[in-house]
Amino acid sequence: MWKRDEAVRPVSGGQPVAAAQPPAPAPAGNAGSRPETHHLMEKDIVNIGKSVVIKGELNGSEDLTIEGHVEGTIQLRDHVLTIGPNGKIKAQVFAKAVIVLGEVTGNVTASDKVDIRDNGSVDGDIISPRVAIAEGAHFRGSVDMQRKGAAAASPSAPKAATPQPAAQQPAPQKQEQNAPQRVGA
Amino acid sequence: MGLLDRLATRKTEPDVQPRLSPSADDPVFATKALRKFLSCLTSRESPVLVDLGPVVGSNVSFFGEQLGCKIFVEDLFADLDRHVRAGTLEALPAFFKKRFPQEAGSVDGILCWDLIDYLDRAAAQELAGELTRVLRPDGALLGFFGTAQAREARYTKFIIADEVNLKHRSYEAARGRQAILLNRDIIKLFAGLRVSDSFLLQNNLREILFRKPA
Chain A
208 MWKRDEAVRP VSGGQPVAAA QPPAPAPAGN AGSRPETHHL MEKDIVNIGK SVVIKGELNG
268 SEDLTIEGHV EGTIQLRDHV LTIGPNGKIK AQVFAKAVIV LGEVTGNVTA SDKVDIRDNG
328 SVDGDIISPR VAIAEGAHFR GSVDMQRKGA AAASPSAPKA ATPQPAAQQP APQKQEQNAP
388 QRVGA
Chain B
483 MGLLDRLATR KTEPDVQPRL SPSADDPVFA TKALRKFLSC LTSRESPVLV DLGPVVGSNV
543 SFFGEQLGCK IFVEDLFADL DRHVRAGTLE ALPAFFKKRF PQEAGSVDGI LCWDLIDYLD
603 RAAAQELAGE LTRVLRPDGA LLGFFGTAQA REARYTKFII ADEVNLKHRS YEAARGRQAI
663 LLNRDIIKLF AGLRVSDSFL LQNNLREILF RKPA
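Protein sequence lines correspond, in order, to chains A and B.
Here the first sequence stands for residues 208 to 392, where the numbers follow our numbering.
Here the second sequence stands for residues 483 to 696, where the numbers follow our numbering.
FYI, nobody ran anything at the bench for these hints, they're computed from the structure.
Since the structure is predicted, the reported quantities are computational estimates derived from the model, not experimental observations.
Fair warning: there could be bad hints in the mix.
Label pairs and their computed distance ranges (CB to CB) [unchecked claim]: (1) Ala-341(A) - Ser-652(B): 14 to 24 Å; (2) Arg-337(A) - Gly-569(B): 33 to 43 Å; (3) Thr-570(B) - Asp-330(A): 13 to 23 Å.
Residues from chain A that keep clear of chain B, each with C-beta distances beyond 12 Å, as calculated [stated by the list, open to error]: (4) Gly-256; (5) Gly-263; (6) Glu-264; (7) Gln-299; (8) Gly-313; (9) His-345.
For every residue, glycine included, the Cβ atom is placed at its ideal position computed from N, Cα and C.
All chains should be built: construct the whole structure from the sequences, respecting the hints.
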């Protein structure tokens, strides 16, 4: 009835996404998982079906789920991009948040969070203040967690103070039964 | 030191039962060298870290969020597995020679884990040379070395529980540990580095922290 994977709404070809702006984006991680919310979500989330191939620049101002193939550049500066389990991306990605359940080859920049779920795959460099990588996910590249908001901050914004790392906090000695013996160097 | 090493290699079974973590069945072992490794990193702003192990989300968060590191995840265990399965182990040294895109002296810390134990001598030598090359002066390398012959072909994911504890999560491997290295072999392997600290744990694991001379 819903056939969410078969249609591209409202995207067509390599043209930029220009759908009506939703009043409040639905949580992308639950896309398609609750039938009772489909009416609402269909208005909120654009879905690129798995038979769709896009080459070029993809811009948008709403949340987007990709199940198809995209090559080029994807920019959803203030919104959530979800790469579905069938999605295959060869692109530079810029978004507020990126959730990866499929395959991404290319650099990913997010101002909020990158979330690589189980069986998700990223080959490329990630820049984001928060990165979550699930057990079973594949990742190869570098991770640069800029200070919160740094990705979207202006160059003149003052640099956030570096938090005190845990390594410098005193911790009580414990686990005597497995205490290592120093044998010198 | 040599005597202690020889005594340690006689052990075939860990004489200490690991604690079980409350959240999972992964055994948790103490670590002494990790804290020292971390202190090497925190002395620099935005340190660059290379992790030679498989990606572990919580480790990435730990180093990225808490220490502000830029992390390169280079899963050499996966590379090793691929070469074993393809029967191209003889090409591994040459592969390692070209494996690291980092510039010489650009890396502040390297998590080598126990990778060396799984390599043949030639591959280990080439890898050690490359790691020495990319490490900046005064940079740190953390390596683990087994002192007992393992029976199974399994790798270990080292998951940072905190600065003094590591969870050990094993997973399937294409080959087991190769020859056990003596301290002098390890020192010779990393000839361009100096041993800063060395710890022999009661679970038969040696932790060695190397520093590159400034």
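Going through the hints against the structure:
1. With their beta carbons about 19 Å apart, Ala-341(A) and Ser-652(B) fall inside the hinted range of 14 to 24 Å.
2. For Arg-337(A) paired with Gly-569(B), a C-beta distance near 41 Å keeps the hint of 33 to 43 Å intact.
3. Take Thr-570(B) and Asp-330(A): their Cβ atoms lie about 21 Å apart, and the range 13 to 23 Å holds.
4. Under the 12 Å C-beta cut-off, the non-interface status given to Gly-256(A) relative to chain B holds; the minimum distance is some 30 Å.
5. Residue placement check: Gly-263(A) keeps its beta carbon more than 12 Å from all beta carbons of chain B (closest about 28 Å).
6. Distance to chain B confirms Glu-264(A) as a non-interface residue, since its nearest Cβ pair spans about 27 Å, more than 12 Å.
7. Every CB of chain B is more than 12 Å from the CB of Gln-299(A) (nearest about 18 Å), matching its label as outside the interface.
8. Taking the minimum C-beta to C-beta distance to chain B, about 16 Å, the non-interface status of Gly-313(A) holds against the 12 Å cut.
9. A beta-carbon of chain B is positioned within 12 Å of the beta-carbon of His-345(A); the least distance is around 7 Å.
Taken one by one, the earlier hints fail for this structure only at number 9.
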